[in-house]
Amino acid sequence: MKGNEALAEAAIRAGADAYFGYPITPQSEVIEYLMRENPVDRTGMQVLQAESEIAAINMVYGAAGCGKRAMTSSSSPGISLKMEGLSYIAGAELPCLVVNVVRAGPGLGTIQPSQSDYFQAVKGGGHGDYKLIVLAPATVQESVDYVRLGFELAFKYRNPVMILSDGIIGQMMEKVELFEQQPRLDVEFEWATLGKKPDKDSVIVTSLQLQSEEQEKVNLRLQAKYREVEKNEVRYETYGCEDAEYLFAAYGSCARITRKAMEMARARGIKVGLLRPQTLYPFPADAINGLADQVKGILTVEMNAGQMVEDVRLAVNGKVPVKFYGRFGGMIPSPDEILEALEQKIIGG
Amino acid sequence: MITPENLVYEKTSVMTDRVLHYCPGCGHGTAHRILAEVIGELGIQGDTIGVAPVGCSVLAYYYFDVDMQEAAHGRAPAVATGIKRVLPEKYVFTYQGDGDLAAIGTAETIHACNRGESILIVFINNGIYGMTGGQMAPTTLAGMKSSTSPRGRDVATMGNPLKITELVAQLPGTYFVTRQAVHAPANVRKAKRALKKALEYQKLNKGTCFVEIVSNCPSGWKMTPVQSNKWMEENMFPFYPLGDIKVPPEKQ
Amino acid sequence: MTEEIIIAGFGGQGVLSMGQIICYSGVMQGKEVSWMPSYGPEMRGGTANCTAIISDEQISSPVLTQFDTAIVLNQPSMDKFEDAVKPGGLLIYEENGMTRKPKRTDINICSIAAYDESVKMNNTKVFNMIVIGGLLEVKPIIELKNVIKGLEKVLPERYHHLIPLNEEAIHKGMKIIHKEHTLN
Numbered sequence: 001m002k003g004n005e006a007l008a009e010a011a012i013r014a015g016a017d018a019y020f021g022y023p024i025t026p027q028s029e030v031i032e033y034l035m036r037e038n039p040v041d042r043t044g045m046q047v048l049q050a051e052s053e054i055a056a057i058n059m060v061y062g063a064a065g066c067g068k069r070a071m072t073s074s075s076s077p078g079i080s081l082k083m084e085g086l087s088y089i090a091g092a093e094l095p096c097l098v099v100n101v102v103r104a105g106p107g108l109g110t111i112q113p114s115q116s117d118y119f120q121a122v123k124g125g126g127h128g129d130y131k132l133i134v135l136a137p138a139t140v141q142e143s144v145d146y147v148r149l150g151f152e153l154a155f156k157y158r159n160p161v162m163i164l165s166d167g168i169i170g171q172m173m174e175k176v177e178l179f180e181q182q183p184r185l186d187v188e189f190e191w192a193t194l195g196k197k198p199d200k201d202s203v204i205v206t207s208l209q210l211q212s213e214e215q216e217k218v219n220l221r222l223q224a225k226y227r228e229v230e231k232n233e234v235r236y237e238t239y240g241c242e243d244a245e246y247l248f249a250a251y252g253s254c255a256r257i258t259r260k261a262m263e264m265a266r267a268r269g270i271k272v273g274l275l276r277p278q279t280l281y282p283f284p285a286d287a288i289n290g291l292a293d294q295v296k297g298i299l300t301v302e303m304n305a306g307q308m309v310e311d312v313r314l315a316v317n318g319k320v321p322v323k324f325y326g327r328f329g330g331m332i333p334s335p336d337e338i339l340e341a342l343e344q345k346i347i348g349g
Numbered sequence: 001m002i003t004p005e006n007l008v009y010e011k012t013s014v015m016t017d018r019v020l021h022y023c024p025g026c027g028h029g030t031a032h033r034i035l036a037e038v039i040g041e042l043g044i045q046g047d048t049i050g051v052a053p054v055g056c057s058v059l060a061y062y063y064f065d066v067d068m069q070e071a072a073h074g075r076a077p078a079v080a081t082g083i084k085r086v087l088p089e090k091y092v093f094t095y096q097g098d099g100d101l102a103a104i105g106t107a108e109t110i111h112a113c114n115r116g117e118s119i120l121i122v123f124i125n126n127g128i129y130g131m132t133g134g135q136m137a138p139t140t141l142a143g144m145k146s147s148t149s150p151r152g153r154d155v156a157t158m159g160n161p162l163k164i165t166e167l168v169a170q171l172p173g174t175y176f177v178t179r180q181a182v183h184a185p186a187n188v189r190k191a192k193r194a195l196k197k198a199l200e201y202q203k204l205n206k207g208t209c210f211v212e213i214v215s216n217c218p219s220g221w222k223m224t225p226v227q228s229n230k231w232m233e234e235n236m237f238p239f240y241p242l243g244d245i246k247v248p249p250e251k252q
Numbered sequence: 001m002t003e004e005i006i007i008a009g010f011g012g013q014g015v016l017s018m019g020q021i022i023c024y025s026g027v028m029q030g031k032e033v034s035w036m037p038s039y040g041p042e043m044r045g046g047t048a049n050c051t052a053i054i055s056d057e058q059i060s061s062p063v064l065t066q067f068d069t070a071i072v073l074n075q076p077s078m079d080k081f082e083d084a085v086k087p088g089g090l091l092i093y094e095e096n097g098m099t100r101k102p103k104r105t106d107i108n109i110c111s112i113a114a115y116d117e118s119v120k121m122n123n124t125k126v127f128n129m130i131v132i133g134g135l136l137e138v139k140p141i142i143e144l145k146n147v148i149k150g151l152e153k154v155l156p157e158r159y160h161h162l163i164p165l166n167e168e169a170i171h172k173g174m175k176i177i178h179k180e181h182t183l184n
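Protein chains in written order, with the working numbering: chain A, 1 to 349; chain B, 1 to 252; chain C, 1 to 184.
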C-alpha cells in the first residue's frame with residue numbers, strides 16, 4: 001500500500017465520519033482510495049469531492065461543528081487555500097484533522113517532496129493568533145498511527161490537528177500494520193450543533209466576537225489551551241544520543257535520510273546522534289535544550305531553506321552552535337551531503 | 001395594555017428576545033421573522049441547523065433560536081453541505097446576502113446547488129454591501145450608485161448585475177427556486193409560503209431549495225425606508241422580477 | 001543484508017510494478033522493504049523509475065543516490081543511472097533500443113534480451129517478469145517461491161490464473177541473462 005492509501009484506510013479505521021477533499025498531486029491517492037473503498041458501506045463514513053480546497057475545509061468546519069470526526073487532505077498549494085478555513089476552525093475551537101503531503105513551492109512549485117511548509121504549519125499559516133497541533137510522520141506506519149492519534153488530540157483539545165507529511169511518505173510503500181476498525185463516535189457533545197434541546201440554549205459555533213474584551217478572553221483561553229498542549233503532547237525520538245558529541249535535528253522523511261548519514265558517521269567513528277521531533281507543535285524544545293548541554297554542535301537538516309532551524313536555535317538559546325543544511329525545490333539531500341555538512345559546518349566549523 | 005384577550009400578534013418562540021441590530025426599515029427583520037415562524041409552525045426547531053453568513057446578517061445566530069454555525073465569507077453552502085452530510089435527518093438552511101452568496105461565495109453556491117444538496121438557501125438581495133458601508137455588490141443595478149461606484153455602476157468596466165437565482169435555476173440539482181419580497185403584507189405572506197414549501201421539500205431529498213428575497217437598504221441607498229421600498233419596486237423588481245423561477249416537476 | 005535497487009525505463013514497461021513485486025516478495029521472505037516511485041509527469045508515459053530496498057534491518061532512507069543494483073530498460077535510464085551503481089555493484093540492461101553499451105569497468109554488467117523473449121512467448125506483458133528472472137539468477141536475493149507468493153498478493157484474484165505464465169517468464173529470464181562483464 002502506498003503511504004497515501006494506507007493513510008486513507010487508517011481514516012476509515014479510525015472511525016472518521018467524513019472526508020472532504022480535492023485532488024492534487026502528490027496526495028490524490030487519498031481521495032481515490034476512499035472513493036474506491038466507498039466506506040459508507042463499511043462504517044457509514046461520508047466521502048465527498050468538493051469543488052475546491054476552500055469548500056472542502058468549510059465542509060469540514062460544518063461537520064466538525066456537529067461534533068463529528070471530519071478530515072481533509074491536500075498538498076501545499078491546496079493547503080494555502082485551506083488556511084482561511086483553518087483559522088476559523090481554530091477560532092471556533094472545532095476538532096478536525098488536516099493532512100498536508102508537502103510538495104515544493106512557492107507557487108505551483110514542483111510536485112516533488114519538500115518540507116517547505118513548516119512555518120505555515122507550526123506558526124499559524126492563516127490569520128490570527130492560533131496554533132495547529134502538528135504531527136510529522138517519518139514512516140508510512142507513523143502516518144497511519146497519526147490519523148488515530150490526530151483525531152484523539154483534536155477532540156481532546158478541540159483544536160485542528162495537521163499531519164505534516166511529504167511526497168516521499170505519501171508515495172512510498174513499506175511494511176505497515178493497520179490498527180483494528182474503531183467505532184465511529186457515538187457522543188453528543190454539548191458544543192455541537194445537533195438541533196436545539198428544549199431545555200437548553202441554542203448552540204452557536206462561531207469565531208466572531210464583536211467586543212475586544214470578549215475576543216481577548218477567547219485569545220487567553222486559546223493560549224491556556226496551547227500551554228496545556230505544550231505540557232502534555234510533546235513527542236520525539238532520539239537515536240544514538242547517549243554518547244553523542246554532535247547532534248542532528250531533522251523531522252519526517254528527512255530524518256530517515258539523516259539517520260543514514262548518522263550511521264555512516266558512526267562507522268567513521270564520529271559520535272553523532274539524531275533528535276527527530278514527531279510533534280512539530282508542540283516542539284521538543286526542552287529535549288533539545290538538554291542535549292545542548294551534552295553536544296558540541298547541532299546540525300539541523302531540512303528539505304527547505306531553513307525553517308525548523310529557527311525553533312532549534314530558540315531551544316538551544318545560544319549554548320552551542322546550530323547550523324543548517326538543506327536542499328529544496330524538490331531535491332532530496334543525500335546522506336553523503338549531510339555527513340559532509342556535519343564535518344564542515346559543525347566538526348570543522 | 002396588552003392582555004391575552006386583545007393580543008393579535010405574538011412573536012414566534014423561534015426568535016430570541018435579542019434586539020435586532022438592523023437599520024430601521026431594513027428587510028432583514030421581516031425575513032428573519034417569517035423564517036423563524038415557519039420553523040416554529042413546522043415544529044422543527046430542535047431539528048434545524050442554520051448557517052449564518054458574513055455581511056449584515058452575520059449575527060443571525062443571535063436572533064434565530066436554533067443551533068447555528070457562523071461561516072467564513074461566502075462559504076455557508078459548503079458549511080451547510082458538511083452539516084447535512086453528517087446529519088442527513090436535520091433541516092439545514094443558510095441565510096446569505098448578495099456579496100456573500102453571489103460574489104465571494106459564487107463557487108460554493110453553484111456547486112452546492114449543482115450537487116443538489118438537500119438544504120435551503122435563503123438569499124437576501126438588496127444590491128449593495130450593507131455591513132461594510134454601501135459598496136457595490138454583484139447585484140447592484142446598472143447605473144446604481146454606491147461608494148465604490150460613485151458615478152453609478154458602469155457595466156462596461158464593472159460588469160453587469162448578476163442574476164444568480166436564474167443561474168442556479170438552470171442547474172439540475174435545484175428543486176425549487178423562487179424570488180420573493182417582504183416590503184408589503186401580501187409579499188410577506190407569499191414569501192412565508194415559499195419558505196415553508198422549501199423546508200417541507202427538504203424532507204423529500206430532491207435537491208436544493210433556493211429562496212431569493214429582494215430587499216432594500218435604506219442606509220446604503222441613502223433613502224428613507226418608504227423611499228427605499230418605492231425605489232425597490234420601481235428599479236429592482238423590473239430587473240429582478242418576483243415569482244417562482246423553478247417549481248418542482250410534480251407541482252407544475 | 002541490504003539490497004538497494006533502482007529500476008528505470010519507459011512508462012508502460014512495468015517498471016513500477018517490478019519494484020512492487022520485488023518488495024512484496026521481500027515481505028514474504030520476512031524482510032524489511034521500501035518502494036519509492038518517481039511520480040508526476042513521468043508516470044504519464046515518459047521515463048519512470050522506482051527505488052526498491054530489501055533489508056534485514058529497518059530501512060532508513062527510502063530515497064537514494066547510489067545503488068547496489070541498477071536495472072535500466074532504455075538509453076536515458078542507462079545514461080542517468082550507470083554512474084549511480086556502487087563500485088562492485090550490478091547493472092542489468094535490456095539490449096532492445098539501447099544505442100550504446102555501458103562504460104563502467106568497476107561493476108558487474110549483464111544484458112538481457114527480455115523484450116525479444118517476451119515476443120517469443122507471445123506476451124509482451126511478461127517482459128518485466130523476465131527481467132526479474134534475470135536479476136534473481138545473478139543475485140538470488142529472494143527465493144522464487146516467495147516471488148510467487150508476492151505475485152499472489154499484488155495481482156487481483158481474477159488474474160491469479162496468469163501466475164504460472166509469470167513463473168515461466170521468470171525461468172526464461174534466468175536462462176537468457178547474459179553476463180557481459182564480471183568482476184573477480
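FYI, nobody ran anything at the bench for these hints, they're computed from the structure. Glycine included, each C-beta is placed from N, C-alpha and C at the ideal position. Each hint should be verified, as a subset may be incorrect.
Using C-beta positions, here's what the derived DEER-type ranges look like [as the list claims (entries may be wrong)]:
| no. | chain 1 | residue 1 | chain 2 | residue 2 | range |
| --- | --- | --- | --- | --- | --- |
| 1 | A | 186 | C | 66 | 26 to 32 Å |
| 2 | C | 66 | A | 294 | 28 to 34 Å |
| 3 | A | 23 | C | 120 | 50 to 56 Å |
| 4 | C | 80 | B | 89 | 55 to 61 Å |
| 5 | C | 17 | B | 204 | 45 to 51 Å |
| 6 | A | 294 | C | 101 | 50 to 56 Å |
| 7 | A | 217 | B | 131 | 45 to 51 Å |
| 8 | B | 131 | C | 17 | 56 to 62 Å |
| 9 | B | 43 | A | 119 | 50 to 56 Å |
| 10 | B | 11 | A | 189 | 27 to 33 Å |
Status of the hints after comparison with the structure:
| no. | hint | in the structure |
| --- | --- | --- |
| 1 | 186(A) with 66(C): 26 to 32 Å | violated (53 Å) |
| 2 | 66(C) with 294(A): 28 to 34 Å | holds (32 Å) |
| 3 | 23(A) with 120(C): 50 to 56 Å | violated (42 Å) |
| 4 | 80(C) with 89(B): 55 to 61 Å | holds (58 Å) |
| 5 | 17(C) with 204(B): 45 to 51 Å | holds (48 Å) |
| 6 | 294(A) with 101(C): 50 to 56 Å | holds (54 Å) |
| 7 | 217(A) with 131(B): 45 to 51 Å | violated (24 Å) |
| 8 | 131(B) with 17(C): 56 to 62 Å | holds (58 Å) |
| 9 | 43(B) with 119(A): 50 to 56 Å | holds (51 Å) |
| 10 | 11(B) with 189(A): 27 to 33 Å | holds (31 Å) |
Violated hints, listed in ascending order, are 1, 3, 7; each of the other numbered hints is respected by the structure.
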